[in-house]
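Asker: For reference, each letter of the sequence shown is one residue, going 0 to 68 in numbering that gives the first Met the number 0.
A hint or two may mislead.
[What the hints assert, rightly or not] Think about it this way: if two alpha-carbon atoms lie no more than 25 Å apart in a straight line, the pair counts; the simulated SDA-like pairs of lysine to any residue are: (1) 14 with 52; (2) 56 with 28; (3) 14 with 39; (4) 14 with 32; (5) 51 with 32; (6) 55 with 9; (7) 38 with 17; (8) 4 with 37; (9) 55 with 24; (10) 14 with 26; (11) 59 with 8; (12) 14 with 1; (13) 38 with 58; (14) 56 with 9; (15) 22 with 11; (16) 14 with 53; (17) 59 with 24; (18) 59 with 21; (19) 51 with 35; (20) 14 with 36; (21) 38 with 10; (22) 51 with 16; (23) 4 with 16; (24) 55 with 32; (25) 56 with 19; (26) 59 with 9.
Note that these hints are calculated values from the structure, not bench results.
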Amino acid sequence: MESIKKLELYRLENKITQQDLAKELGVAFSTVSRWFNRKTTPSKIQQYHVEKYLSKKTGKLYNKAAKRG
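Using the sequences and the hints, build the whole thing.
Answerer: Here it is, written out as structure tokens:
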């Protein structure tokens, strides 16, 4: 769940809407909203895509899974 906290921080710092973030990640707005409201957690594949997105946007690796993609 740490990557969701990092994703939220990245989103806020870069003034990205949840809607735009959802489009970037290929998920519904409601999915992103539930992650940030701690109602659900990303599936393993969604977690992978979040980490890959953060790695691409920030230039930092967030876990080994992102490194493989």
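Asker: Now look at each hint and say whether the structure bears it out.
Answerer: Now for the hints, and whether the structure bears them out:
1. For the given pair, residue 14 sits about 16 Å from residue 52 by alpha-carbon distance, which is consistent with the 25 Å threshold.
2. For a cut-off of 25 Å, the pair hint linking residue 56 to residue 28 stands: about 20 Å separates their Cα positions.
3. Taking the CA atoms of residue 14 and residue 39, the gap is about 23 Å. The hint holds against a cut of 25 Å.
4. A threshold of 25 Å between alpha carbons decides the hint, and for residue 14 with residue 32 the separation of about 15 Å falls inside it, so the pair holds.
5. With a C-alpha separation of about 19 Å, the suggested pair residue 51 and residue 32 falls inside the 25 Å cut-off, and the hint holds.
6. A hinted pair counts as satisfied when its Cα atoms are at most 25 Å apart, and residue 55 with residue 9 qualifies at roughly 12 Å.
7. About 15 Å separates the Cα atoms of residue 38 and residue 17, which keeps this hinted pair within 25 Å; it holds.
8. This hinted pair checks out: residue 4 and residue 37 have alpha carbons roughly 10 Å apart, not beyond 25 Å.
9. With a C-alpha separation of about 12 Å, the suggested pair residue 55 and residue 24 falls inside the 25 Å cut-off, and the hint holds.
10. This hinted pair checks out: residue 14 and residue 26 have alpha carbons roughly 19 Å apart, not beyond 25 Å.
11. Between residue 59 and residue 8 the alpha-carbon distance is near 14 Å, which keeps this suggested pair within the 25 Å criterion.
12. Restraint check: the Cα-Cα separation between residue 14 and residue 1 comes to about 20 Å, which is no more than 25 Å; the hinted pair holds.
13. With a C-alpha separation of about 29 Å, the suggested pairing of residue 38 with residue 58 is violated against the 25 Å cut-off.
14. The hinted pair formed by residue 56 and residue 9 meets the criterion: a straight-line CA distance of about 9 Å does not exceed 25 Å.
15. The suggested pairing of residue 22 with residue 11 holds, with an alpha-carbon distance near 16 Å, which does not exceed 25 Å.
16. A distance of roughly 15 Å separates the Cα atoms of residue 14 and residue 53; the hinted pair therefore holds under the 25 Å criterion.
17. For the proposed pair residue 59 and residue 24, the alpha carbon gap of about 18 Å is at most 25 Å, so the pair holds.
18. For the hint linking residue 59 to residue 21, the alpha-carbon distance of about 21 Å falls within 25 Å, and the restraint holds.
19. Proposed proximity of residue 51 and residue 35 is supported: the alpha carbons are some 18 Å apart, at most 25 Å.
20. Taking the CA atoms of residue 14 and residue 36, the gap is near 18 Å; set against the 25 Å cutoff, the hint holds.
21. A hinted pair counts as satisfied when its Cα atoms are at most 25 Å apart, and residue 38 with residue 10 qualifies at roughly 18 Å.
22. Under the criterion of a C-alpha separation no larger than 25 Å, the hint pairing residue 51 with residue 16 is consistent with the structure, at around 19 Å.
23. A C-alpha spacing of about 15 Å is found between residue 4 and residue 16, which places the hinted pair at or below 25 Å, so the restraint holds.
24. For the hint linking residue 55 to residue 32, the alpha-carbon distance of about 22 Å falls within 25 Å, and the restraint holds.
25. Of the supplied pair hints, the one linking residue 56 and residue 19 holds, its CA atoms being roughly 14 Å apart against a limit of 25 Å.
26. Taking the CA atoms of residue 59 and residue 9, the gap is near 12 Å; set against the 25 Å cutoff, the hint holds.
This entry does not satisfy hint 13, going by the numbered hints stated previously; all others are met.
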